[in-house]
Amino acid sequence: MAVNPVALGAPTEARTGRPRPGALTILGRFIRKKPLGAAGGLIILIITLTAVFAELVATYDPIATDASQTLASPSADHWLGSDHLGRDVYSRVVHGARVSLIVGLASTLMGSFFGGIIGLLSGYAGGKTDLITQRVLDIFQGLPLLVLAMVMSAALGPSIQNVVIAISIPIIPRAARVIRSSVLSIREMQYIEAARAVGVRHLRIAFRHILPNTMGPFIVLMTAQLGSAILVEATLSFLGLGVPEPYPSWGRMLSVSAAEYAQKAPHLVIFPGLAISLAVFGSNLLGDALRDTLDPRLRGA
Amino acid sequence: MRQPTLLATIAGATLALTVGLTLTPAIGQAPKSGGTLNVMLREDLAQGFATHESSTVATSTPSLPCFSNLVLFDQSKKNESLDSVVGELAEKWSWQDNYKNLVFFLRKDVKWHDGKPFTSKDVKYTFDMVREAPDATAKLRINPRKDWYANVEHIEAPDPHTVVFRLKRPQPSLLLMLASGYSPVYAAHVPAASYRTGCVGTGPFKVKEWRKGEFVEYVKNPDFFVKGRPYLDGLKYIVIVERGTRTAALQSGQLDVAFPGETGRTAMEQLKKAVPTMVFQPVAQNVSDNIIMNTKKPPFDNPKVRLAVSYAIDRRGLIQAAHQGGAVLGAAMVPKPFGFWGMAEKDLTALPGYGKADEMKDQARKLLRESGITPQNPLKVEMGVRAIAIYLDMASFVVNELKQVGIEGTLKQVETAQWHPMATRGDYTIGANLTGLGTDDPDANFYENYACGSPRNYSQYCNEEMMKAFERQSQELDIKKRMALVIDIQKRLEQDAPRPILAQRLDYFAHWAHVKGLVAHNNVYNYPRFTDVWRDK
Amino acid sequence: MKSYVAQRLGIAVLTLLGMSVVIFVLLRLAPGDIVDILFSTGGYVNNEERQAIMKELGIDKPLVTQYFEWLRNFMVGDLGKSYRYDQPAWDIIRPLLPVTLELAALSIIVAVCLGVPTGVISAVRQDTGLDYALRVFSLAGLSMPAFWLGMVIILALVTWLQWIPPVTYVGPRENFWLHAVQFGLPALAVGYRSSALIMRITRSALLEVMREDYIRTALAKGQSERVVIWRHALKNAILPVVTVIGIEFAFLIGGLVVTENVFNLPGVARFLVQAILWRDYPIVQNLVMFIAVVVILSNLFVDMLYGFLDPRVRYGS
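Protein chains in written order, with the working numbering: chain D, 2 to 302; chain G, 325 to 861; chain S, 415 to 731.
Hints are computed from structural coordinates only; laboratory data are not their basis.
Among the hints, erroneous ones may be present.
Take a look, some chain S residues computed to stay more than 10 Å from chain D by CB distance [what the hints assert, rightly or not]:
id, residue
1, I467
2, F482
3, L485
4, P512
5, R539
6, T542
7, L544
8, H593
9, S638
With a Cα cut of at most 30 Å, we get these calculated BS3-like pairs of lysine-lysine [as the list claims (entries may be wrong)]:
id, chain 1, residue 1, chain 2, residue 2
10, G, K690, G, K670
11, G, K660, G, K670
12, G, K401, G, K861
13, G, K402, G, K840
14, G, K532, G, K356
15, G, K690, G, K620
16, G, K804, G, K492
17, S, K495, S, K469
18, G, K440, G, K463
19, G, K736, G, K620
20, G, K356, G, K432
21, G, K840, G, K435
22, G, K861, G, K597
23, G, K628, G, K690
24, G, K445, G, K435
25, S, K469, G, K470
26, G, K416, G, K804
27, G, K597, D, K265
28, G, K690, G, K704
29, G, K551, G, K861
30, D, K265, G, K840
31, S, K495, G, K470
32, D, K265, G, K560
33, G, K463, S, K495
34, G, K597, G, K660
35, G, K432, G, K470
36, G, K560, S, K495
37, D, K265, G, K596
38, G, K463, S, K469
39, S, K495, G, K532
40, G, K445, G, K416
Just so you know, these numbers come straight off a predicted model, no measurement behind them.
Backbone N, C-alpha and C fix where the C-beta goes; we use that ideal spot for every residue, glycine too.
Using the sequences and the hints given, assemble the complete structure.
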């Protein structure tokens with residue numbers, strides 16, 4: 002899987018004298034060429050802002066119960082209705098964005114970071130190291146994502162940090178694989194050979210020259226995994242193994258209680274589900290567009 | 325004087341006839357034989373049919389059709405009491421020697437499902453095993469109700485159809501424990517462990533197939549000792565783990581009968597709207613929401629702090645929020661009309677948490693101040709709660725209430741497997757708990773949950789005076805006097821607050837109208853045996 | 415070719431061994447074991463009884479011993495006894511496998527039938543409104559949580575039709591149409607999700623092939639677009655699609671777990687969740703190994719296919 006380093010304006014030995022285009026220009030070009038991707042980016046941006054400014058955007062304390070307002074339909078008072086404990090659904094969805102994004106981002110970053118390092122070193126080293134690392138990664142990748150996350154979550158116990166770890170573990174092998182492929186192709190490039198010939202140390206080559214050029218696939222990987230991480234968190238919470246109370250989690254909002262009151266209060270089922278779908282949808286759109294931009298020849302992963 | 329016209333007479337007669345005809349079906353429709361029923365099961369059997377090794381309705385309730393007891397609570401009566409105890413394997417019984425000896429005269433025509441005859445040996449075998457008698461011939465792997473029979477000195481089987489329970493001291497309540505769904509008679513000629521995979525009983529239905537994780541299928545027992553019963557040809561308990569799917573299955577008719585304790589108020593309203601002819605029987609579950617506090621560790625070794633917690637929680641608010649109104653106020657025992665020994669609402673209002681919410685919270689803050697807890701020096705606690713929705717709902721509400729009086733609580737989710745070890749070891753300070761009683765009897769409650777040294781006394785509460793009070797009421801033969809003692813104990817327990825009771829849960833037990841003869845009890849553990857249940861179409 | 419196969423098989427076995435260690439260790443990292451759960455159903459705890467039960471179940475032996483015992487038995491096909499049900503694990507798992515396999519197969523079929531045509535259309539009509547619409551539709555499937563989709567379906571059915579698919583297994587011979595609905599609905603829910611990935615791969619693979627010179631030449635020469643697509647482009651694009659189908663199979667498990675729960679299908683995925691909650695190690699270990707074997711085998715098969723179809727791709731080049 003080759004990446005075109007020039008597309009990112011990364012330093013190369015064979016560079017023309019053109020100055021790099023400004024960030025805003027790149028953005029503008031992106032929006033025009035990839036409207037879907039831009040839309041996805043916008044969705045993610047809105048969700049991120051909602052998460053960051055949750056206290057301002059929410060109308061109620063998400064964990065405050067109110068015995069007089071149980072299962073209220075959407076109204077001016079409770080924009081998206083209230084749940085069986087009288088908690089405001091809108092505020093819980095807003096704060097849930099924080100949880101989902103934090104867990105999603107943290108686990109994706111963690112998994113991609115560690116996976117990336119492993120992939121970089123493994124791909125660069127090659128030979129036996131590469132072989133063994135690949136097999137070890139195969140082992141983890143062969144275990145179904147959800148099952149692995151479930152067992153890890155049960156193993157670590159319910160807490161937000163542990164959920165992040167549990168979800169990041171299955172991401173590591175996938176990230177490693179992507180980065181490794183990228184490294185394998187860059188490794189053979191002439192300027193790398195040149196650097197080695199001059200005597201630059203391996204580690205320096207790996208981190209200073211190769212790594213920046215893997216940024217393309219890395220970004221694409223992360224946006225793809227973000228959606229997946231959010232979904233896994235939602236599923237884990239739905240199964241009761243995810244983020245524990247009282248953090249509002251979109252997935253947990255959909256578990257038992259929603260199903261029980263679904264007919265009387267369908268808004269309990271609809272809104273958290275829509276929120277999850279929207280977040281994943283946005284990240285997938287963005288990821289697709291980024292992939293297309295960075296290298297149209299890239300296959301889907 | 326005008327003579328009644330012919331028309332008036334005919335009209336009168338027609339009216340009487342119509343009224344009579346509409347009333348009659350409610351009184352005595354003739355039961356029809358045949359048909360099967362699909363019954364809801366919310367999870368697969370925990371330990372097969374090994375009721376004596378289990379404390380969960382997941383095992384005992386779906387095993388009921390297979391077994392028979394010595395005596396059982398009359399299945400057709402909603403309220404359970406000494407008066408509603410009827411014989412199953414025992415034809416007659418009599419107390420002797422001032423409630424110290426209980427003699428059972430057993431039926432002579434009973435056969436086990438494998439054809440062998442039932443005798444007094446089976447009874448002695450079963451209860452010697454449960455009470456862990458020194459000369460018991462078998463042992464249970466897990467034995468949660470050993471304490472129920474702590475007062476039994478000796479069990480004799482003088483002839484194949486007579487059994488005598490000799491007690492250390494008078495205990496009229498023993499009969500109630502034997503009448504519980506948790507007290508079936510095992511067969512002496514099969515290993516106790518075999519009940520974990522199959523069931524050899526004497527009950528109205530025989531196990532046809534247990535497909536793990538899917539269903540338990542029963543078929544009519546043709547040699548059942550009550551002639552003409554059961555009416556039904558079979559039963560199928562279907563496992564549905566997803567709550568939404570469960571309710572949908574009942575609503576769409578794929579299930580005929582709900583599981584005891586599973587029909588909350590909102591589910592009832594939804595089902596009623598969708599199926600106007602569905603039958604709902606509101607009963608108490610004899611399961612209470614309560615808060616356990618470790619009385620041996622700070623801060624809850626201080627009775628004032630415990631009391632503050634109890635004052636802070638608005639019971640009525642909890643009933644609305646956590647139960648949508650599907651629960652009632654009550655102390656340790658279930659209140660009337662659902663139970664016999666509970667306290668009436670007017671007596672409860674004086675207790676912590678049952679009065680006006682604001683006043684109660686003020687009282688809580690006052691108590692906390694007296695204990696040195698102020699907004700400057702707040703109390704931070706971690707409330708242990710099982711990771712199950714019904715616990716979490718209650719706990720979320722409670723944490724919110726505590727916040728308002730200055731106790732900062734966070735929820736600590738504990739997996740089911742961790743809960744009992746944690747609670748039994750006292751590895752917690754405060755927790756949200758549910759307590760179920762196998763029978764509406766003060767003995768069962770007080771000794772299990774509040775007696776010194778009892779493994780399920782999670783609060784590790786030990787009060788010598790209370791122990792004496794428990795003894796006194798247990799031996800009191802006069803019902804009125806005993807009632808007064810029991811009410812007094814409940815008051816003192818709420819004021820000592822080792823385990824403040826928050827609400828007594830209700831169940832709106834649901835079943836389709838074509839299911840007849842099924843009566844829900846004010847206790848989830850002791851029905852349905854399905855002996856007299858029949859299908860109308 | 416032979417050494418290629420042998421090498422891949424060897425790797426596969428090693429990988430499986432590694433997986434067995436990982437799953438064995440991970441499971442035991444989870445706090446609580448079957449004895450804790452048993453006591454929790456009994457409502458109390460007692461240490462002596464605990465020791466007795468551990469001995470009875472064989473879990474008092476050192477972990478390494480337990481691991482090798484398990485491995486040894488697994489090789490000869492003895493999957494041990496379920497801790498919860500006290501019966502041979504294979505007897506319990508066996509009736510569940512066909513259900514999950516059928517559901518998985520149907521889901522893949524739905525995914526392919528939905529994904530490939532939409533991918534082709536999207537590629538051929540690249541960057542048109544139709545392309546965007548199809549991509550949005552496909553991506554929506556990838557974005558919706560599988561359990562949510564299932565819940566919404568059940569909710570809709572019971573609210574509008576007062577009817578839901580059967581909650582107990584209905585065999586195809588008992589009642590074909592009921593069986594078809596019982597499996598078809600969940601297969602749709604799961605398949606819709608998987609179709610997104612297949613659609614994407616088909617689209618990008620086809621786009622790449624269509625850029626090739628020989629395709630452009632054929633089109634320039636006047637051959638009809640449809641003929642060109644079907645005869646030349648698809649043939650070469652099929653390879654990565656097949657690869658992805660193999661990979662998707664592993665991803666499927668996650669969707670199957672929640673779908674089997676929501677639709678109450680008696681399959682291994684649903685059973686696996688319960689077994690994990692019950693710390694029923696024999697069941698969990700063996701089921702996960704079984705899934706791993708299936709995944710490895712399908713990857714192996716795809717690799718073989720790759721190697722067979724494209725002689726340039728050989729291990730170690």
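Q) Which earlier hints can't be squared with this structure? A) When the structure is compared with the hints, none of them turns out to be violated.
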